[in-house]
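S.K.: The listed protein sequences derive, respectively, from chains L, U and P.
This note's numbering numbers the first residue of the first sequence as 1 and each following residue consecutively.
This note's numbering numbers the first residue of the second sequence as 1 and each following residue consecutively.
This note's numbering numbers the first residue of the third sequence as 1 and each following residue consecutively.
Hints listed in this document are in silico derivations from the structure and should not be mistaken for laboratory results.
Backbone N, C-alpha and C define an ideal beta-carbon position, used for all residues, glycine too.
Be aware that one or more of the hints could be misleading.
So the derived label-pair ranges between C-beta atoms look like this [unchecked claim]:
1) K143/L to D54/U: 45 to 55 Å
2) T51/P to Q8/L: 25 to 35 Å
3) P76/L to N104/P: 21 to 31 Å
4) G126/P to P76/L: 23 to 33 Å
5) D54/L to G126/P: 18 to 28 Å
6) K143/U to L132/L: 17 to 27 Å
7) E90/L to E128/P: 47 to 57 Å
8) H49/P to D54/U: 40 to 50 Å
9) E90/P to H49/L: 37 to 47 Å
10) P59/U to E17/L: 40 to 50 Å
11) D54/U to E17/P: 36 to 46 Å
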Amino acid sequence: MIFKMPDQYFLTCGASEGYTALNAFDGALLYAGIGNTNIVKMSSIVPPHCTLVDLIAFPPGALVPAAYAAITSDVPGEIISAGVAIALPEDENQNGLIMEYSANGERRQIEEIVRTMAVEGMMLRGWEIKDLKSAVIEHTVEKIGAALAAVVLWSSD
Amino acid sequence: MIFKMPDQYFLTCGASEGYTALNAFDGALLYAGIGNTNIVKMSSIVPPHCTLVDLIAFPPGALVPAAYAAITSDVPGEIISAGVAIALPEDENQNGLIMEYSANGERRQIEEIVRTMAVEGMMLRGWEIKDLKSAVIEHTVEKIGAALAAVVLWSSD
Amino acid sequence: MIFKMPDQYFLTCGASEGYTALNAFDGALLYAGIGNTNIVKMSSIVPPHCTLVDLIAFPPGALVPAAYAAITSDVPGEIISAGVAIALPEDENQNGLIMEYSANGERRQIEEIVRTMAVEGMMLRGWEIKDLKSAVIEHTVEKIGAALAAVVLWSSD
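Build the full structure now, drawing on both the sequences and the hints.
M.R.: Structure, rendered in structure tokens:
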């Protein structure tokens, strides 16, 4: 293995205005509790036997793998939303599946889509779903805004 | 070093339809044999003394570094292709170079372009090429489709 | 922890023409001294107690985490620039913040924007700034060009 196998995960989300799109993204990460870490984007699996935990207080600058959806907009008044969903399998030796979705639109719509995406992904695998979790955030843009939702993985060792 | 040095690699590709673009991408990863892993995207080198292996059965949820090209489309009838090429050097102490390319178009065209990209990259380094490998997949979109080609790195330790 | 904590960093930048956009990007990485590594993109923190070092001669194919801005263009005559800035805190137990920006435009403009982005990010955290560093490169496109600026992290162990 190149990287250690994660054994913990949590869902989080945040939104922010900012001086630029990247500043708004940075603000959304801070709001989500992961703003002083180095997020490494990955596709999109919860390993078997991974435990759901509360938000972890990471050491500043830690490299942290996460699956996330993010959206920025500089159109005042626009409603943007970002969401993640996790479908966990009946068979605990199988992995869970993470889906990410962001778009213009309200929280409710984005949540419905991203949850359906996770269900569809489990159907494609032919696996029964035990549990379906999601985290979605909506933001109304003032000047330059960002919305972000993430599933963060970690190792307790 | 932050991460372990890879010593194995393989090429793979896949295509799929899906409920959304991300579901189609997920299906393409499954087809390619890497759908239940956490792919971490990287640029684009095969380390020296790395061994070509068959598709590895990764532990589910493993974090796996890969260089890849992916394309999605929601235009029925459109032909999309994704490809990767590796140019390996004569001098086995030098690294190989991976190039990725995806576009609308047929497999043959995309394969020619991505192979030429790898050759050009070795010319830029002034290195002789010992071997040139590629993997390309073509997909005709029904509703929402994705094509993906990847070079996956791993460590046997 | 999944990944080792970095304790070294440096800033670098490069620009290049190329056969395709990805070849130009590859050339820019080579120019920047990180072309034969596997860059893993991350968001955007310098850990506390991290030491600024000269460009590191990485083992070829090493997986290297970096925050970077990159831009490519196939419009001859267009001026493209990419830059990174780091704001380091007065309190050495807090982390530094990296910002990345790339756009059409001259080096001077992009440098001003990316430095302001880093300052704004520290203001959002309510942290005093001890030092502000930046690296920006400008490129005038001949056929297909790329500009890249990066902050690269590493561990001395």
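S.K.: Does the structure break any of the earlier hints, and which numbers would those be?
M.R.: Of the numbered hints given earlier, the structure breaks none, since each of them holds.
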